[in-house]
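Enquirer: These are the residues of each chain, in order.
There are 10 protein chains.
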Amino acid sequence: MLKNIDPLLSPDLLMVLRSMGHGDDIAIVDANFPAAAMARRLVRLDGLAATDVTNAILSVMPLDDFVPEAAWRMEVVGDPQAEQPIFDEFRAILARHEGSNFRLASLERFAFYEQAKAAYAIVSTGERRLYGNIILKKGVVRD
Amino acid sequence: MLKNIDPLLSPDLLMVLRSMGHGDDIAIVDANFPAAAMARRLVRLDGLAATDVTNAILSVMPLDDFVPEAAWRMEVVGDPQAEQPIFDEFRAILARHEGSNFRLASLERFAFYEQAKAAYAIVSTGERRLYGNIILKKGVVRD
Amino acid sequence: MLKNIDPLLSPDLLMVLRSMGHGDDIAIVDANFPAAAMARRLVRLDGLAATDVTNAILSVMPLDDFVPEAAWRMEVVGDPQAEQPIFDEFRAILARHEGSNFRLASLERFAFYEQAKAAYAIVSTGERRLYGNIILKKGVVRD
Amino acid sequence: MLKNIDPLLSPDLLMVLRSMGHGDDIAIVDANFPAAAMARRLVRLDGLAATDVTNAILSVMPLDDFVPEAAWRMEVVGDPQAEQPIFDEFRAILARHEGSNFRLASLERFAFYEQAKAAYAIVSTGERRLYGNIILKKGVVRD
Amino acid sequence: MLKNIDPLLSPDLLMVLRSMGHGDDIAIVDANFPAAAMARRLVRLDGLAATDVTNAILSVMPLDDFVPEAAWRMEVVGDPQAEQPIFDEFRAILARHEGSNFRLASLERFAFYEQAKAAYAIVSTGERRLYGNIILKKGVVRD
Amino acid sequence: MLKNIDPLLSPDLLMVLRSMGHGDDIAIVDANFPAAAMARRLVRLDGLAATDVTNAILSVMPLDDFVPEAAWRMEVVGDPQAEQPIFDEFRAILARHEGSNFRLASLERFAFYEQAKAAYAIVSTGERRLYGNIILKKGVVRD
Amino acid sequence: MLKNIDPLLSPDLLMVLRSMGHGDDIAIVDANFPAAAMARRLVRLDGLAATDVTNAILSVMPLDDFVPEAAWRMEVVGDPQAEQPIFDEFRAILARHEGSNFRLASLERFAFYEQAKAAYAIVSTGERRLYGNIILKKGVVRD
Amino acid sequence: MLKNIDPLLSPDLLMVLRSMGHGDDIAIVDANFPAAAMARRLVRLDGLAATDVTNAILSVMPLDDFVPEAAWRMEVVGDPQAEQPIFDEFRAILARHEGSNFRLASLERFAFYEQAKAAYAIVSTGERRLYGNIILKKGVVRD
Amino acid sequence: MLKNIDPLLSPDLLMVLRSMGHGDDIAIVDANFPAAAMARRLVRLDGLAATDVTNAILSVMPLDDFVPEAAWRMEVVGDPQAEQPIFDEFRAILARHEGSNFRLASLERFAFYEQAKAAYAIVSTGERRLYGNIILKKGVVRD
Amino acid sequence: MLKNIDPLLSPDLLMVLRSMGHGDDIAIVDANFPAAAMARRLVRLDGLAATDVTNAILSVMPLDDFVPEAAWRMEVVGDPQAEQPIFDEFRAILARHEGSNFRLASLERFAFYEQAKAAYAIVSTGERRLYGNIILKKGVVRD
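The listed protein sequences correspond, in order, to chains A, B, C, D, E, F, G, H, I and J. Residue numbering for the first sequence follows numbering that gives the first Met the number 0, starting at 0 and increasing by one per position. Residue numbering for the second sequence follows numbering that gives the first Met the number 0, starting at 0 and increasing by one per position. Residue numbering for the third sequence follows numbering that gives the first Met the number 0, starting at 0 and increasing by one per position. Residue numbering for the fourth sequence follows numbering that gives the first Met the number 0, starting at 0 and increasing by one per position. Residue numbering for the fifth sequence follows numbering that gives the first Met the number 0, starting at 0 and increasing by one per position. Residue numbering for the sixth sequence follows numbering that gives the first Met the number 0, starting at 0 and increasing by one per position. Residue numbering for the seventh sequence follows numbering that gives the first Met the number 0, starting at 0 and increasing by one per position. Residue numbering for the eighth sequence follows numbering that gives the first Met the number 0, starting at 0 and increasing by one per position. Residue numbering for the ninth sequence follows numbering that gives the first Met the number 0, starting at 0 and increasing by one per position. Residue numbering for the tenth sequence follows numbering that gives the first Met the number 0, starting at 0 and increasing by one per position.
No lab work stands behind these hints, which were simulated from the structure alone. All residues carry an ideal CB built from backbone N, CA and C; glycine is no exception. A hint or two may mislead.
[What the hints assert, rightly or not] A partial selection of chain C residues facing chain E, derived with a Cβ cut-off under 7 Å: (1) N31; (2) F32; (3) P33; (4) A34; (5) A36; (6) G98.
[Claimed, not checked] A short, non-exhaustive set of chain F residues, derived as facing chain B with CB atoms under 8 Å: (7) Y112; (8) V139; (9) V140; (10) D142.
Bound conformation, chain A alone:
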C-alpha cells in the first residue's frame, strides 16, 4: 500500500495506468466477461465491484477531453435504450471525478467487445451485476 493512493490500485494496475498515454483505452469488466481471451494486457481484481475499481482508477486517471466521448457502457442486448441500476452508479462516479456534464456513451455488445480487444488493458473484476462493464479513454495530465 501507499499513502494518498487508493489501495484498490494494485501494483500491476498502477503500472498499467502510469504507462498509458493520451487516447489509450482501459476496460473494466464484470466477472463473466471473457477478459482472458480478449485482453492485450490483463489485470485481475477478483472479488471487487466494477464501480469501486472505476472510482479508484478515476482518482488518478483523467479522461480525454479532446474527443466527444471518453467513457462507454455496453447496451442492453435487444433494448439499446434500456437502463440498468449500475449505469447510474457509473454516471455518479464520472460526475465526481470529471464534472456533472460528463457523458456516459454506449456501445452495442459486439462493438463493445471490439473496443475492449483493442484497449491497452482489461481489468477483470468480481462484479456480479448485469452489464457491469465500462471502457475509459485516458486524457492529458496538465500541470
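Got chain A; can you put chains B, C, D, E, F, G, H, I and J on it based on the hints?
Expert: Then chains B, C, D, E, F, G, H, I and J, alone, in the frame of chain A:
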C-alpha cells in the same frame, strides 16, 4: 467464475491450492505484509479481507490433522498473550470448516516470517486490520 | 486435490476454466485428435475418458443459454446422421448438468476443427472411442 | 498415441523417462503427496492410479541391478512392518517386469521425502489409496 | 534409452511423435535441407541416415489410412519420373511397417517445401544421399 | 502520467513501491554507485537528482516507525562525522514528509553496500553530488 | 556514467542508438504520448525534458543527409502553420549539431503517430510542454 | 577458438552457418547498415571488415550452384553500373573459394534490403567502406 | 553441413566447442549415462558412437598440454586395472590427433561423475558399449 | 555506429560499461581464455586485439583512483617477474588515458581467474598473443 466454487478463489489461487499437497503451508497476509519480498509464489488479492480469503480457501482446502497444529496467527509484538479482534474471526472461520475444537496456534513475529518464507505460497490481501495474518497447513483429502 | 471439486480437474484445467468467460469455448478431444497442433492453450489429461472429463468440467462450468447451441459433437464422416455409442453418453451428461432438454448439436469434421482451433483451450484426453470429441461454450454464472 | 507404447505414457513422461540414465530415480506419488513443492521436474497424471502408472513406466524402463535395492515404498507411520493393500499390487507389477525375486524395499516417511526431492522427476497421479507412493531407480538398457 | 523403443528416437523426437495426432505431418530431411529456416518444430539427429530415422519413426507411428496418400518423397528436379536409389529403400521401409501396398507418393520440389513448412515438425538428419527427404502423415492408433 | 502522483514516479518505480511491505528497504543512489551489480531489482532514473527522487518516493511511502532508524546516508570515508551539503537536503525532505524529529542515521561505506544489496530495490539516479545515496525503510500505511 | 558521453544517455538508450543504422527512426515523445502502446522498443527517461534528451541523442547520432527531411515535429491540431515555443528550441538544437540550415519538417498528428509506430524505438520523456515530440532519422557515420 | 576453423567465425556465427541449408541466404553488412531493424537473426562482428568476414564464411560455406546467381552486392544509388573499390575485393574472395568464373550479381538498394530482411541471418560488421554489403546463398555440401 | 568440418559436429556442439577455453572439460558419454541429470550444458547426439564423436571433436579441439593429464576414461568398477575393448579405440583416436604418446588417464566411477558434473558440457551419444565414456580437457590453439 | 564513440564499443559493451559503477571490474581476455565458463556477463568481440579493445574501453571509462591498484595483468606462470611484449602495450594505453604514473599491477594465474569470475563482465577478444588479459576497475566520473 465457476459454479460451486467461491468467486474469491482467483485462477491463480485455485491452481496454487490444487497443486499443494499434504503438509504444504499457505500464508494469507495483510496489506502491509512484505509479501513480495518473502514469497516463493505470490498471489495478490488486493482489496479483500484476509478473513474472507481464509473462508474461501477453507471451503476447498482441508487442514492437516496429522500434526498438533495446522493454523497459526502472529503474536502481538511485546505481548504474546494479547488478543486482537480479528483473532476471533479467524477462530470462527476455522470452527465452521474444521470443527469447533480446531486450535489457532500462534507464532512470535519473526518465527511467523520464517514460516511464511518457507510456505508454498503467500496470498497478499487488502486486509487493513492489525495482525491480519494467518498460515494454514493443508491436510489430506479423503474420499 | 481439493474438497468439493472433482479430482479430474487438474491445476491447469481449473485455472483455464476459472479464467474463461461468457461465450468462450473449450474442446474435449480424444487420444487421436491433433490437439497439440491446433490448441491455443493445451491441457493434457492422458488416460482419462472424454466423458469423465466432460462430466467433471460441467460440474463447475455452466453452458451458455444466450445462444441456440452451446455443445457440439463431430459428425460421422460421410454419414452426418449416424449415431455413435458415445453420443448418448454425452447427452446423458449434458442432461444431468443442464437439464434434459439441452441439445447436443453437431458439426462437420472440418468445421469442428475450425471451432476447436478458435477455442480458448483444448483438453486432450485418453479417450479411445470413435468420435469422442465435444466442444462446450461457457455460460454466465448467476448468483 | 503411439503404437507399442502404453498410452498412459504422456509426451512429457516419455521424454523424462527417455532422458533419464543409469541410477536416476523417479517417484510415482499419490494425489495427496506434496509433489509440486518437492519435484525437480513434475509430471502430472491426474485421475490415474499409481499402480497403472508404475506398470506403464516399467514396460519401458528397466530397474537398476547394480545395487541391492531399486524400488522403495513408504513405511506406515508408526508401524514400519505394517502392510497396506497397495504394497502387494506394487510387488506384483515388479514381479511381472523384473522377475519374481525383485524386492520392494521401504523407507521411513521423511527419508522417502528426501529421496523424492532428489529424484530426477516426480509423477503426480490421482491415486487415492493410502501409501500409494513408490520410487524406482533406472537401470541399464542392454542389447 | 528405453526398453522396446528404438534408441534412435531421442527424447525430443519421442515427445513430438507422442504429441502428434491424426493427420499431422512430420518431415524427415537430409543434411542439406534448409530445416532450421522452415521448421515449426525442429528435431536434429545429426549423423544418422534418413532411412534409419524413418524406420525408427514407423516402428511407433502408424500412417494415415483415411486419405489416398500418407507418404511423400521429393521429385527429381527436371525429371519427375526419375528414380533415386534411396526411393526403393523408403518403399521397403513403408512395406515393412504398413504393408506391401502402401504407396510412396511424390511432390515437386517447391510443393514439398510448402508441405514441410506446414508440418508439425521437421527432423533434420545427417543423410548424405540425394533426395533423402520424406514426409509422413500420422494415422489413428487403434486398439 | 497520473493525477495526484509525482511524475518522477515511473511505471516501474510505482509498481516496486506498491509491492513493498512493512520493513522492506529501498536505496536511492547516485550516478557512480555500482547499482546494476548490487541490486535485486533495479530501477533507473537517469538524469534526476537523488533528492528529487527521494522527495517523490516519500510523497507516497511512509517510513517505518517501529524501529529506531528508518533512513540512512553513507558516512564520508575516513571522516564519519563529516557533513556534506546533500545531507541537509535529505534531512529537509525527511522533515517535510515525516516530521522535524525524524533522524537521518548513517552507515560506514561497506555497511551501506551490504544493506543496499539486501534491499528490495535500488533506484539508480543521475545524482552527481558526492555521497548522494540514501536508504529508506518502508513503514505501515494506516487508515 | 561514462567519460565524454552525455549522462542522459542511459544504458538502454545507448544500446538502442548504437544498434540503429542508416535510415532508422527514433521518436522522442512527451509525458502524455501513448508510447507504451505504440513502441516497438520503449526507452523511458521519466522526468527529463524532450529538448535535453534530443540534445543528448544528437551529440552522438548524426541525421540522415541522403533524404530531404530527417527531423519531424507534430503539427498543431487544426492549425498546421501554428508555432509552439518548443519548436524553436528543437530548431536551435538541430542547428547546433547539424548546421543552421537543417530543416525541422512537420507531420499531421496521425501521420506522426504512424511514423512513431514504425520507428526503431520511442523514448518516453517527462516533457510537459505541448507538442513536445520529435522524430529523428539516423544518418551515416563517416570517418 | 578451434583448430582448422577461421577464428573470425564466432560461436554464434558458426552455429548459424551450420544450421543453414541449401538455398538459405546470409547477408554480411557494413557498420552503417540497419541490421538490427531488419534481421531475422542478428550476428554482430563489430570492428571487422566485411571482406574478412566474407572470406571466413566462404572457407566453410559453399555457394549455391543450382541457380544462376548466388552472391549479390548493392548497386551504387543512381549509378547502377558504377564500381566501388570493395567490389573487386569481393570478386577476388569469391574467385578464391568458388572459382574464377563465379559472378557477383547486383541488386538495387531497396531490392537488396528486401532480400536481406528475408535472409536466414544478417552479420553486422565494422566495415567502414562504402557499399560494403554482400548477400550469399548457401549451396550443397557434397562428399 | 559445412565444408571442412566433420558433419557429426552439430550446430549446438560446434557452438559449445568454439565457446570453450583453455582448461574447460567436455564429457562424451554413452547411452546409459545419466547425462541430463548431471550436465551444465547438454548436447545430444543420439544414435552415434562415442568414438566417432570423440574423433570429430578432436578434429577441431586441441587437448591441454599444460597439465599432466587431459583425457580420462572411467575405470571398470571393482577392477581398476581392467581393460575394455573401447579403451584402445579411444587411445587410437588420441594418438591420431595428439600424438602417439598422449596418455589416456583413468578415474574411479564416482570421481568420473564429479568431473563430468563440473564440465562445461556433456555430449550424450548413442554408444552401447560398456564404459564408453571419456572426458577431454581443451588446450590452447596456437598459430 | 555513433559519432565521437570508438566503433569497437559494440551495443552490448556500451550498455555494460554504462551500467557499471565505481569499483566494478571488467576483464578483457584473449582468445584462449575460458570466458564463457567464467563470466557473469559475457561480451564477445571476436577477431579484435585485446589492446585495441582496452584502448576503446579507456576512452570512455575512468579507472578507480580510490584504491592503490586498478589494473591487473596475469603473471607469467612460473616466472612472476617475467615480461611479455603485450605488457608494455597495456602500460602505454594506460599512460595515454590515465597518466604516465598509472601502475599495471599483476596477479598470479589462479588469482586472476578468481577476480575475473567476480567481475561485472568479461570481454572475450580475438587476441592471439600470450598473456593478453587485463582486468580494469571502474572509477568515478567527475564533472
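Enquirer: Going through the earlier hints one by one, which of them does the structure break, listed in rising order?
Expert: 6 and 7
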